[in-house]
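So the sequence lines, in the order shown, correspond to chains A and B. Numbered according to my numbering, the first sequence spans residues 1 to 256. Numbered according to my numbering, the second sequence spans residues 1 to 312.
Honestly, I wouldn't trust all of these hints.
[Claimed, not checked] Restricting the straight-line Cα-Cα distance to at most 20 Å, the calculated cross-link-like pairs of lysine to aspartate or glutamate (EDC-like) are:
1. Lys120/A to Glu72/A
2. Lys286/B to Asp144/A
3. Lys169/A to Asp64/A
4. Lys286/B to Asp28/A
5. Lys169/A to Asp56/B
6. Lys169/A to Glu18/A
7. Lys84/A to Glu190/B
8. Lys246/A to Asp190/A
9. Lys84/A to Glu109/A
10. Lys142/A to Asp64/A
11. Lys62/A to Glu109/A
12. Lys84/A to Glu72/A
Keep in mind that the hints were calculated from the coordinates and are not lab data.
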Amino acid sequence: MTPLVAIRGVRKSYGANEVLKSVDLDVDKGEVVCLIGRSGSGKTTLLRCINHLESVDSGIIKVDDEYVGYRESHGTLIELSERKAAVNRRHIGIVFQQFNLFPHMTVLENVIEGPLRVLKRKRADTVALAVDLLERVGMAHKRDAYPRQLSGGQQQRVAIARALAMRPKLILFDEPTSALDPELVGEVLDVMRDLAADGMTMIVVTHELRFAEEVANRIVFMEDGRIVESGAPSRLLRDPQADGLKAFLSRSGFSN
Amino acid sequence: MSSATTDRRELGSAAPDTLRIVKQRHPWRWVSVVIALLLVVRMVVSMITNDAYRWDVFAQYMFSEAILSGLLLTLEVTAMAMALGIVLGVVIAVCRMSRNPILSSFAWFYTWIFRGTPTLVQLIFFYNLSALYPKVTLGIPFGPDLHSWPTNALISAMVAGVLGLGLNEAAYMSEIVRGGLLSIDRGQTEAAMGLGMTPWQTFRRIVLPQAVRVIIPPTFNNIIGMLKYSSLVSVLSLGDLLYVSEQIFSRNFQPIPLLLAASTWYLLCTSILMVGQIYIERIFGKGVARPGATRIGRVLAGGRMVRKVVRG
């Protein structure tokens with residue numbers, strides 16, 4: 001079986017600073033992979049390369065056997081225009097650290113925007129879908145509120161519903177709980193736990209090691225632009241091999 | 001610490017529930033109100049009793065056909081020049097922010113030229129364009145001509161006036177629009193692209209509606225400015241409000257009442273624009289509105305939005 005996400009030899013530099021140094025990673029359909037590591041280790045950049053919010057310098061990334069933002073022609077990869085890359089991104093959801101809800105739209109409008117404008121679905125259908133999804137994340141009662149009237153945790157749950165509304169094959173989470181007050185982290189993780197249980201393929205950049213331990217099928221530890229160690233949560237967290245990972249876990253206060 | 005310690009210790013003053021709190025007092029406000037009222041009354045009395053104001057002449061011309069036609073022309077020139085300025089300003093702003101070096105250099109050059117030379121010069125230049133180019137020709141460069149028109153037939157005084165003011169305005173508007181677009185967080189664009197929206201959809205649906213909120217106040221500033229700068233078209237012998245007033249008082253030697261009449265119209269139009277601004281700001285303030293940040297705004301908004309935004 002081909003993996004849903006295939007990353008091979010991906011390199012990426014900002015000027016002289018190489019942030020990804022030949023990264024290989026496969027993610028299967030229905031798998032939950034958590035990317036952990038210190039800030040600056042390249043995990044967020046890797047995540048953003050998957051839906052081509054960042055371009056890569058070399059290497060390939062395929063989602064469901066298709067390139068994202070590139071096309072292959074006679075042994076070269078040609079970067080597509082933003083307009084064409086947009087089509088590749090439709091079925092890859094992304095949830096940001098800062099939520100990035102559209103502040104001039106209500107909760108409901110935020111959720112229907114994608115299916116309505118991008119997938120050109122009928123308004124009535126998109127509203128029905130959006131209400132379902134908002135119920136699923138426990139936000140249906142706030143459908144007519146504007147984002148600024150919501151707490152961070154509520155905003156992030158709406159952002160997850162917005163991503164789900166595109167019926168994605170894969171959702172990328174970029175530190176979804178890092179901007180939240182501690183008491184609001186739980187409600188967002190609960191929603192993500194539900195998604196994982198439903199079989200959604202998820203790649204999650206996170207600092208929540210307890211969540212990763214509980215929900216991830218695999219944890220990938222990155223350091224200095226490389227994947228240093230990866231494995232099942234129980235093994236990786238209880239019996240780390242790499243020195244960097246051992247140091248990271250002890251600094252994170254993660255102990256048995 | 002011993003368990004006998006409490007959070008409350010004796011203060012040695014009266015018990016808190018016996019002290020009443022009196023809000024800060026503003027005695028000088030009342031003094032200034034009285035002084036201001038006195039000055040206003042004195043001013044009004046002098047305007048009524050001083051015959052040099054010639055309110056009879058004011059009344060005679062305020063609604064005269066000449067003044068009203070001048071007002072109409074002022075409004076026409078303002079509306080057309082502003083429409084040209086806003087539309088072209090958005091285009092120039094988008095060009096300026098484009099990653100295409102040709103487009104951004106063009107936009108920079110445009111702003112440099114039109115902002116850097118006097119508006120009056122531009123007006124006269126367009127009016128005299130026929131001296132440089134007697135004919136305007138549609139055709140293929142260095143190839144055959146398809147059709148040509150005499151420049152003077154295309155560029156009337158009115159067209160020259162609107163072009164001169166409008167192209168100049170576009171240079172200023174482009175900077176206002178650019179400022180608005182830059183004020184939108186990069187995360188908004190990324191969220192839109194993450195949904196699979198095209199660059200045009202992202203601009204049209206996400207970035208522009210939010211930028212408009214930032215763009216509106218300085219734009220109304222410029223519209224109000226344009227209402228008055230439009231009197232520059234008098235150099236092209238166009239009979240705008242100020243120009244017809246001048247023509248009349250050069251004949252009857254009554255500049256004060258005629259300038260008062262013209263100013264009353266300018267002030268009235270400006271007031272209408274300011275009210276319009278409050279309503280338009282309300283429309284684009286959705287989700288971020290602090291409705292009626294001013295007292296007059298709250299009155300005009302009827303307090304409706306205020307209640308809506310209060311968290312439920």
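Could you tell me which of the numbered hints above are not met by this structure, giving the numbers in increasing order?
1, 4, 5, 6, 8, 9, 10 and 11
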